[in-house]
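Colleague: Start from the sequences and build out the full structure, keeping to the hints where you can.
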Amino acid sequence: MHSDFAAKGKAARDLIAVPELSMESIRRRSRAAAARGRTRALALCAAVCLIVFGASVGFGARIYEGVRVWLTGGKAAIVVNSFVLVREPTAADVHKAVAQATFPAVFPVGVPAGTHVSMFMFAPAEHPNTITIQYRNDVAHFNVGISLFDSSVVNTDAALLPTGSARPPFRQGYQWQVGRETVFVPKEHVSSVLADEIKTAMMRASESGSLAVTDAMLHKVIVVGLASKLANAAERYAPPNSRSVLLDRKQVQRLPRLARENESFFDTRTVYLSNIPSVHGDPDYLKATLRWPKTIAITAAGIRAIDAVLRSSGTRNDCGCEILFDQPDNATYWVWKLPLTGSAGVRKYAVDAKTFAVSQAI
Amino acid sequence: MARWAAPELIASALTGDEGAVEQLVAVVWPGCFRLAATILGDWNLAQDAAQEACVIVHRKIRNLRRADAFDAWLYRIVMHESNRVRRRNEVSEQPISEGRYGSDGSTTLDVWRALADLSPELRDVTVLFYFDDLKTADIAAILGLPHPTVRTRLARARDRLRIILKGYQNGSQPERQEIEPHAL
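Which chain is which? The protein sequence lines are A and B, in order.
Position one of the first sequence corresponds to residue -6 (my numbering), numbered consecutively onward.
Position one of the second sequence corresponds to residue 410 (my numbering), numbered consecutively onward.
Relax, there's no trap hidden among the hints.
List time: in silico SDA-like cross-link candidates among lysine to any residue, alpha-carbon distance up to 25 Å:
#, chain 1, residue 1, chain 2, residue 2
1, A, K3, B, H489
2, A, K3, B, A435
3, B, K544, A, F(-2)
4, A, K3, B, A415
5, A, K3, B, G440
Sample of chain A residues at the chain B side, in silico, Cβ under 8 Å:
#, residue
6, K1
7, V11
8, I19
9, A26
No wet-lab data here; the hints were simulated from the structure.
The C-beta atom is built at its ideal place from N, Cα and C for all residues, glycine as well.
Modeller: What follows is the structure, given as structure tokens:
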């Protein structure tokens, strides 16, 4: 059968009429895709630069799975060639990393009230010995990344630093030890008084106690997208202990296409960076290898449910809203429309998981 | 080995020469389209998959480090895009009609019918093995499957094709239950 079928198959394939290729269309689509890729990389770079340089650490000799740290005389230099970054982390994200950490992590406590954790970085991915938490508090002007290191990975001999263009810059900061952990806080973002307060509070705190304090600064819902304005409001509606997902306006605009193509919505908050090249001691994230784990935030069926809600309200193209999504059980989806302007109220809908029939929920 | 294009053209495209990239896209287009059409059994969907594959070649060829990796790279892209289009459109066991698939009589049609009677998983390995003369190890790499899985699928495809093609030779359509289930 082999030769006969193969020969017939090849002959049959050669008879397929091939349509003309529009090179202009290929050029246009290629340019559009490249622009999307650049935007994504730049957004990522901006986020990474913020957390890394906000923490006053540069990344480039004692190797611990891609992490090298020098602390000497109130200055720090770090070289990392791979790490994991989580945007808008939830308690599950932080607890998972902490459980795998090589040291008992005591998180910063005594930070100003109203502070939110906007990013969380750890390296290496499997058993972190370095954790950086990026805090955000515009009212108290507390926008800073605080780094926690397993003390056993810290070098104190600057002579071991890479030389030449690979040498990472040293940055000024406050540093102290809590058990097996070394804490580094950049000087230019935090006053010495506040640094002392944090240090004293951390000395008194337990691992679990400091983690509980950090949990309170994390989002309870999974916030997908870079421009959510309603995350705090959404948390008031999300059922406790659920896995609710909040989509910002831009992500909502992608839903009709995803529904049409029967695709799921991926949770893109976590990114793995590896092979980070060093240029004059600074990392070049645009040339790093990026990997987004394929974690599904909303299944294809869930996307159809949201699409059904947007259709039923005639706002499929632009609802001027953010969407909160939850699946309380196998039979129902809950969808909240959270308007970006305060003029209209929040609407909650129940969608039948089989028929996708939409009804307004109370 | 240069299945898709001349090595010199691939090497020029790798350097980022815009003209060479476009020439390469034009050269590989018929092959991409015919492979997608064979996998999908639908002329229009094949256009979607093949065009997307060419967009990826146009955009990412500069990232490829070695010219000799081009063939496997392009196979992966076309198969991935074809499967993506198939999932999106839930293309399944639709019989392939003549029309744009061309025909030189019943032989050609029998090939398309036989392929349409295979499950997508079996069709993928069958096409790559019989029509593209790829080795099972290469097919495994292209489809991202363990090597034994490819061999098993190929053996099952062979068994099924024997039944299907025998049915055509006898002038009858094989009973559906004879060729089902397709599940592996």
